[in-house]
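2 protein chains.
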Amino acid sequence: MVNIDSDKQTHQVVIVGGGFAGLYAAKSLSKANVNVTLIDKRNFHLFQPLLYQVATGNLSPADISSPLRSVLSKNKNTQVLLGEVNDIDTTNQKVIVGNEEVPYDSLIVATGAKHSYFGKDNWENFAPGLKTVEDAIEMRRRIFMAFEAAEKETDAAKRQALLTFVIVGGGPTGVELAGAIAELATKTLKEDFRKINTSETKVLLLEGLDRVLPPFAPELSQVAFASLTALGVDVQTKTLVTNIENDLVTIKQGDETKTIAAKTVLWAAGVQASPMSKVLMARTGVESDRAGRVIVEPDLSIKGYPNIFVVGDLANFAHQNGKPLPGVAPVAMQEGEYVAKLIRKRLQGETIAPFKYIDMGSLAMIGQHAAVVDLGFMKLKGFFAWFVWLFIHIYFLIEFNNKLIVMIQWIWNYFTRNRGARLITGKETLASIPFDNNGHYATVKPQKPLNV
Amino acid sequence: MVNIDSDKQTHQVVIVGGGFAGLYAAKSLSKANVNVTLIDKRNFHLFQPLLYQVATGNLSPADISSPLRSVLSKNKNTQVLLGEVNDIDTTNQKVIVGNEEVPYDSLIVATGAKHSYFGKDNWENFAPGLKTVEDAIEMRRRIFMAFEAAEKETDAAKRQALLTFVIVGGGPTGVELAGAIAELATKTLKEDFRKINTSETKVLLLEGLDRVLPPFAPELSQVAFASLTALGVDVQTKTLVTNIENDLVTIKQGDETKTIAAKTVLWAAGVQASPMSKVLMARTGVESDRAGRVIVEPDLSIKGYPNIFVVGDLANFAHQNGKPLPGVAPVAMQEGEYVAKLIRKRLQGETIAPFKYIDMGSLAMIGQHAAVVDLGFMKLKGFFAWFVWLFIHIYFLIEFNNKLIVMIQWIWNYFTRNRGARLITGKETLASIPFDNNGHYATVKPQKPLNV
Numbered sequence: 004m005v006n007i008d009s010d011k012q013t014h015q016v017v018i019v020g021g022g023f024a025g026l027y028a029a030k031s032l033s034k035a036n037v038n039v040t041l042i043d044k045r046n047f048h049l050f051q052p053l054l055y056q057v058a059t060g061n062l063s064p065a066d067i068s069s070p071l072r073s074v075l076s077k078n079k080n081t082q083v084l085l086g087e088v089n090d091i092d093t094t095n096q097k098v099i100v101g102n103e104e105v106p107y108d109s110l111i112v113a114t115g116a117k118h119s120y121f122g123k124d125n126w127e128n129f130a131p132g133l134k135t136v137e138d139a140i141e142m143r144r145r146i147f148m149a150f151e152a153a154e155k156e157t158d159a160a161k162r163q164a165l166l167t168f169v170i171v172g173g174g175p176t177g178v179e180l181a182g183a184i185a186e187l188a189t190k191t192l193k194e195d196f197r198k199i200n201t202s203e204t205k206v207l208l209l210e211g212l213d214r215v216l217p218p219f220a221p222e223l224s225q226v227a228f229a230s231l232t233a234l235g236v237d238v239q240t241k242t243l244v245t246n247i248e249n250d251l252v253t254i255k256q257g258d259e260t261k262t263i264a265a266k267t268v269l270w271a272a273g274v275q276a277s278p279m280s281k282v283l284m285a286r287t288g289v290e291s292d293r294a295g296r297v298i299v300e301p302d303l304s305i306k307g308y309p310n311i312f313v314v315g316d317l318a319n320f321a322h323q324n325g326k327p328l329p330g331v332a333p334v335a336m337q338e339g340e341y342v343a344k345l346i347r348k349r350l351q352g353e354t355i356a357p358f359k360y361i362d363m364g365s366l367a368m369i370g371q372h373a374a375v376v377d378l379g380f381m382k383l384k385g386f387f388a389w390f391v392w393l394f395i396h397i398y399f400l401i402e403f404n405n406k407l408i409v410m411i412q413w414i415w416n417y418f419t420r421n422r423g424a425r426l427i428t429g430k431e432t433l434a435s436i437p438f439d440n441n442g443h444y445a446t447v448k449p450q451k452p453l454n455v
Numbered sequence: 004m005v006n007i008d009s010d011k012q013t014h015q016v017v018i019v020g021g022g023f024a025g026l027y028a029a030k031s032l033s034k035a036n037v038n039v040t041l042i043d044k045r046n047f048h049l050f051q052p053l054l055y056q057v058a059t060g061n062l063s064p065a066d067i068s069s070p071l072r073s074v075l076s077k078n079k080n081t082q083v084l085l086g087e088v089n090d091i092d093t094t095n096q097k098v099i100v101g102n103e104e105v106p107y108d109s110l111i112v113a114t115g116a117k118h119s120y121f122g123k124d125n126w127e128n129f130a131p132g133l134k135t136v137e138d139a140i141e142m143r144r145r146i147f148m149a150f151e152a153a154e155k156e157t158d159a160a161k162r163q164a165l166l167t168f169v170i171v172g173g174g175p176t177g178v179e180l181a182g183a184i185a186e187l188a189t190k191t192l193k194e195d196f197r198k199i200n201t202s203e204t205k206v207l208l209l210e211g212l213d214r215v216l217p218p219f220a221p222e223l224s225q226v227a228f229a230s231l232t233a234l235g236v237d238v239q240t241k242t243l244v245t246n247i248e249n250d251l252v253t254i255k256q257g258d259e260t261k262t263i264a265a266k267t268v269l270w271a272a273g274v275q276a277s278p279m280s281k282v283l284m285a286r287t288g289v290e291s292d293r294a295g296r297v298i299v300e301p302d303l304s305i306k307g308y309p310n311i312f313v314v315g316d317l318a319n320f321a322h323q324n325g326k327p328l329p330g331v332a333p334v335a336m337q338e339g340e341y342v343a344k345l346i347r348k349r350l351q352g353e354t355i356a357p358f359k360y361i362d363m364g365s366l367a368m369i370g371q372h373a374a375v376v377d378l379g380f381m382k383l384k385g386f387f388a389w390f391v392w393l394f395i396h397i398y399f400l401i402e403f404n405n406k407l408i409v410m411i412q413w414i415w416n417y418f419t420r421n422r423g424a425r426l427i428t429g430k431e432t433l434a435s436i437p438f439d440n441n442g443h444y445a446t447v448k449p450q451k452p453l454n455v
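Going down the list, the protein sequences come from chains A and B. Going left to right, the first sequence walks through residues 4 to 455 as the numbering used here numbers them. Going left to right, the second sequence walks through residues 4 to 455 as the numbering used here numbers them.
What the hints contain is simulated information worked out from the structure, not anything from laboratory work. Check the hints yourself; a few may be wrong.
One copy or any two copies: either way a pair holds, since identical chains are not told apart in the list.
Stated by the list, open to error - Simulated pairs of lysine-lysine, DSBU-like, Cα-Cα distance not exceeding 30 Å:
#	residue 1	residue 2
1	Lys255	Lys161
2	Lys306	Lys255
3	Lys205	Lys44
4	Lys348	Lys384
Let the hints inform the model, and build the full structure from the sequences given.
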C-alpha cells in the first residue's frame, strides 16, 4: 500500500507523469503548502528532444535522463511513486494505481503521447518510432546492424537495401534523425569498414506536406532542405507512405506509386495521446481531438472538473489562436508551471488569468554543425543556430551532471565526429543477414561431428 | 560470404574475441606484414573491470565500451567481422563462422570466460552474474527496483528482504559491488525515499575462503575487510552457499546452516571457460583444467598446433610458478601482445623466449573513495590507493573519449555522490511487488466498468 503521510489538512496534489509538464508542475509546487505525489511508470525523467542522439550512437540514455527521485529529493513535500495509473475515481477523488488508490484534491494529468501509425499498427515492426529509451536503443541496434550486415553482403541489390535508411516524417525528429544518419555514414563510419563504402548510404526523408519542418517559417524549411541535401539526404516532400513491409516502403507522390527497398525504416510521423485520454473521456465526459488529445478549458482544467488539469502533449489547448499548441517541451513546461501557480493561488483564494503560451521559437539540428532556429522575431541558421540549439538543449537538461557530460560529448564530437555510444545491445546482437555463398569462401564442408 | 582480400601471399591471422587479449594482439599486429581478421560476436570491446560501475548506476555502458571497428579503423591490415565462431577446421586451417569459413595461417583464440554456478545453473535466475553489458543493466534494474518495491512495502519482513543484498564471492568484483551498493544505500539514495530509510539496507558479502580478495596479500584483505565493514557491509568469510531460490539464500558456515531472506542476490563467484574450450579440446585433443581453461604451452600455443594460440581468460598458463595465471586484464593484455610479437618474429625466421607474465599488482575499489592496491613491492590503501586505482583504470580505457567522460563522472561523483545512470530499463520497469492492503488506502472499490 502507499502510505503517503496524508495529513488530511494538507491539500493533496497528484501528478500523473514525470515528463516536462509533470516535472515542472512538481518543481513549481516545491514551496507550496501542499503534499505532492508524482506517479510515473518509469523511474526517470527523459529529455526526449535529444533521444535521436541516443538512437544514432552519440549520447547514452543516462546522459539525457534524470532519476525522478533525485530531481525531487530536495522537495520535502513531494513523494515519487513508481506505478501506472489505470483509472480515476472522480466521485471520490482518487486515482487508481494497480489495485490501490491515491486520493487527490487537485489532479494534474501529464501522460503525454505515443506514436501513431494512423491505424496501420503492423507497420511498427518494420518502422519503429522514437519515444522511449528502449525505442532509441532498438533504433540504434537496427542502424548499426544494417551497416554490419551490409559489410557481409555480396549481392549488390541486397547491400543497397541494407544501406538505405528511410525516415518517415519531416518534423524536427525526422530532420534530426536524417541529418545524424547521413553524417554517420559519410563521416563517422567512413574508415570503419573494409568492404562497403559507407558514403554510398542512401538516406531518404519522406514528408507528406510540401516542406520539411512545417511548424517553422518557410524560409527555414528551405534552409533545412538545403542543409539536408548538402549532407546527402534525399528529401522527398508531398510524399505519402501507403505501405511498409518486408523491407519495402511503398510511397505515393501525386498519382505515382513507387517502392523503395530499405532494410531500415524509422518512424517520425504521427503521434497520438496516451491511454489516459480515454480514461478521462470515460470518467469526465471530456472531449478529445482526432489524435486523442483532451480539449481543455482556458485554465487547462477539464470542463466541469475545475480541480482536474491536463497538461503537456496530452492536452489540446486551442484558446490562443484557434490552433492547438504543438506537442513540444516548452509548451509542456509552461503548462505545468501555470497549473502549479493556479493551485497555489487558488489555495490563497485568488484567481489567475487564463493560460497563455509564450512562444520562444522552434529549433532543429541538421547534422553535427548546423541548425535552424526560429525565434519568431529572428531566424537563425548555420553555425550560430547550432550554437543556440546546443545552449538551449544543454540549459534545459535537468541535472548539472548531465549538462556537463553532454557538453563534453558535444565538444568532443565537434572536433572528432566520433560516436562512442554505437553499441549493438539487447535482443539481436549478431548481424542477422547470413553470409551467402557467392564469395571467396566455400560453404562449410562436413567434419567429424562436434559434441559441444 | 566474407570477402576478405585474401591475398594468398600474405600471412592470415585470425583472432577470435575482442576482449583485452584479442584486442591487444590485433593492435600489436597493426604494423606487421599480415592480414588480421578479428571476429567477435559483439561490435564493441568492453572494459569489464568497470562493469560493476554500470551495475550500480554510476557509468553508462558506452562509457566503458569502444566500438571495435573504431578502435581498429586506422589498422589498414585489419578487418572486423561480427559473428560467432562455431567450430575450427584444423586440417584445412579455417574457422567456421555461421555457415562460412575464414582461413587462417595463425589463429589466436581469446574468447574468455563466463559465469559458473558450479553445476547449479538454476541459480542464475535468482543470482545474475556480471560479464556483459546486458548483465550489468539487469543487475542495475534489480538493485534499483528493490528500493522502489521496498518503498511501497508495508510488511516489515518483506521490506527487509527487499533491502537485503547478498553478494556471493569475495574477489575484486564482489568487493567492489558490495562497497558500491553500501554507498548507494547510505549516501546516494539517502534523501530520495520517503517511507524507507535506505540506511537500513543490509549488504552481505559471502566468501568461501577465510578472507576477501584472496589473490591479494593478507594485510590488504584485512584493509578491505575493515573498509567494507566501515561502509556497513556484513562480510562473512568461510561461508559456502548451498542453495539459492525464492528470495532465500542458504549458507553453510562450519557445521551450521542458515538462511538469509534477500530479494537481490548477485553472483560474483565462479567462472568457467567459454564454449570455444570444448571446440579446441575436440579438434586438437588439448587438455583443459576443471574450469575448462585450455592448458597452453610455454609460448601460449596448443600442443601439436604451433600456429594456434590461446590467450586471456580462456588459457591456463602455469609455467611460471605452477599456479595458473589469474583471469585478469593485465594477463590478457600481455598474452595478446606476446603472441603478436611471436607471430611477427616467426615470419622473420626468429624465435622468442617463452611467455613471462610481469605482475603489475592487483587492485580493488571499496566504495567511492577508498581502494586497496597491491603492487607486490608496495601495498597501498585509502585515498592514495583510490587515486592509483582511478588512474590505472582510466589509463587503460581504450578511447580518449571514454577516458574523458569517465574521469569527469568520477570527479563529479567524488564531490556529489550522485549516480545519474540509475535508470530502470529493459523488461520490467515497474516495481513488481504489488501494494498490499495493510495501509492507508483501501483496495479499489468497483466503479462502472471502463472500456479503454
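Numbers of the earlier hints that this structure fails to satisfy, in rising order: Violated: hints 2 and 4.
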